[in-house]
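Asks: Counting with this note's numbering, you get residues 1 to 218 for the letters of the sequence shown.
Please note that the accuracy of each hint is not assured.
[As the list claims (entries may be wrong)] Label pairs and their calculated CB-CB ranges:
no.	residue 1	residue 2	range
1	Pro42	Ala180	32 to 42 Å
2	Gly198	Ala27	29 to 39 Å
3	Val166	Gln12	15 to 25 Å
4	Gly198	Ser122	26 to 36 Å
[Said to hold, decoys possible] Calculated cross-link-like contacts (lysine to aspartate or glutamate; reagent style EDC-like; alpha-carbon spacing at most 20 Å):
no.	residue 1	residue 2
5	Lys102	Asp186
6	Lys193	Glu53
7	Lys139	Glu201
8	Lys3	Asp23
9	Lys197	Glu70
10	Lys3	Glu53
11	Lys97	Glu70
12	Lys58	Glu43
13	Lys97	Glu201
14	Lys3	Glu170
15	Lys58	Asp68
16	Lys3	Asp121
17	Lys102	Asp185
For the record, the hints were derived by calculation from the structure and aren't laboratory data. Note that beta-carbon positions come from the ideal geometry of N, C-alpha and C, so glycine has one too.
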Amino acid sequence: MVKFVLTGVTGQLGSKVFRHLLDLVPASDIAVMVRNTSKIPPEITSSNVEIREGDFSKPELLDIAFKDAERLLLVSVPSIEHEFRVKHHVIAIDAAKRANVKHVYYTSLMFGTDTQGHLIDSVAHVMQAHLDTEAYLKKSGLTYTILREGLYSESYSLYTGFFNHVNDHEVCVPGDGPIAWVCIDDLGEGTAKLMAKGGYEQETLLLTGSTSITISGV
Numbered sequence: 001m002v003k004f005v006l007t008g009v010t011g012q013l014g015s016k017v018f019r020h021l022l023d024l025v026p027a028s029d030i031a032v033m034v035r036n037t038s039k040i041p042p043e044i045t046s047s048n049v050e051i052r053e054g055d056f057s058k059p060e061l062l063d064i065a066f067k068d069a070e071r072l073l074l075v076s077v078p079s080i081e082h083e084f085r086v087k088h089h090v091i092a093i094d095a096a097k098r099a100n101v102k103h104v105y106y107t108s109l110m111f112g113t114d115t116q117g118h119l120i121d122s123v124a125h126v127m128q129a130h131l132d133t134e135a136y137l138k139k140s141g142l143t144y145t146i147l148r149e150g151l152y153s154e155s156y157s158l159y160t161g162f163f164n165h166v167n168d169h170e171v172c173v174p175g176d177g178p179i180a181w182v183c184i185d186d187l188g189e190g191t192a193k194l195m196a197k198g199g200y201e202q203e204t205l206l207l208t209g210s211t212s213i214t215i216s217g218v
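Kindly generate the complete structure, drawing on both the sequences and the hints.
Replies: This is how it looks when you write it as structure tokens:
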């Protein structure tokens, strides 16, 4: 049995989880799922981990990709289109169940969480697919850990009108509330450590920065 199967390893978050997990467990314990086996980054091909072909739109491939996985990292589909995202997450969760995956780690978003960490409803469009996926995962019968992530610090330009520090001299923002930014590498390290350690079954964890800062503070 392969202990860890990772999805999304060619993306920003998944690649960081992969790199940090390699520092914590033997490469022989890891399998990675990629959609295009002809375009695999050298850091993966040189690592001696098992490479499995998979696609969230092809259940028959996921059945093979997830086979014998003890712990599965399900990185959310990078799309803001609600139905598309939920459809593919459901396909992946169903495949994990058929493959008898022991524990699913799902990367969600920290919208819909108050300052004390209590889960509440969110009106943000981007959060709705996560909420639907979380609900489906909870009812699936699988052991899971939901990882609600804070806003990537690398994405700050989205909230400053794509400010260009070379040519622009004024930042215009619709609001300036404090945000607990978190860098992607920290999320990758934290997720890898959680997966390597195990535990936190049927829990929702918040992964974000320890300090809140406003855009003007940045």
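Asks: Hint by hint, where does the structure go against what was stated? Just the numbers, ascending.
Replies: 2, 5, 6, 12, 14, 16, 17
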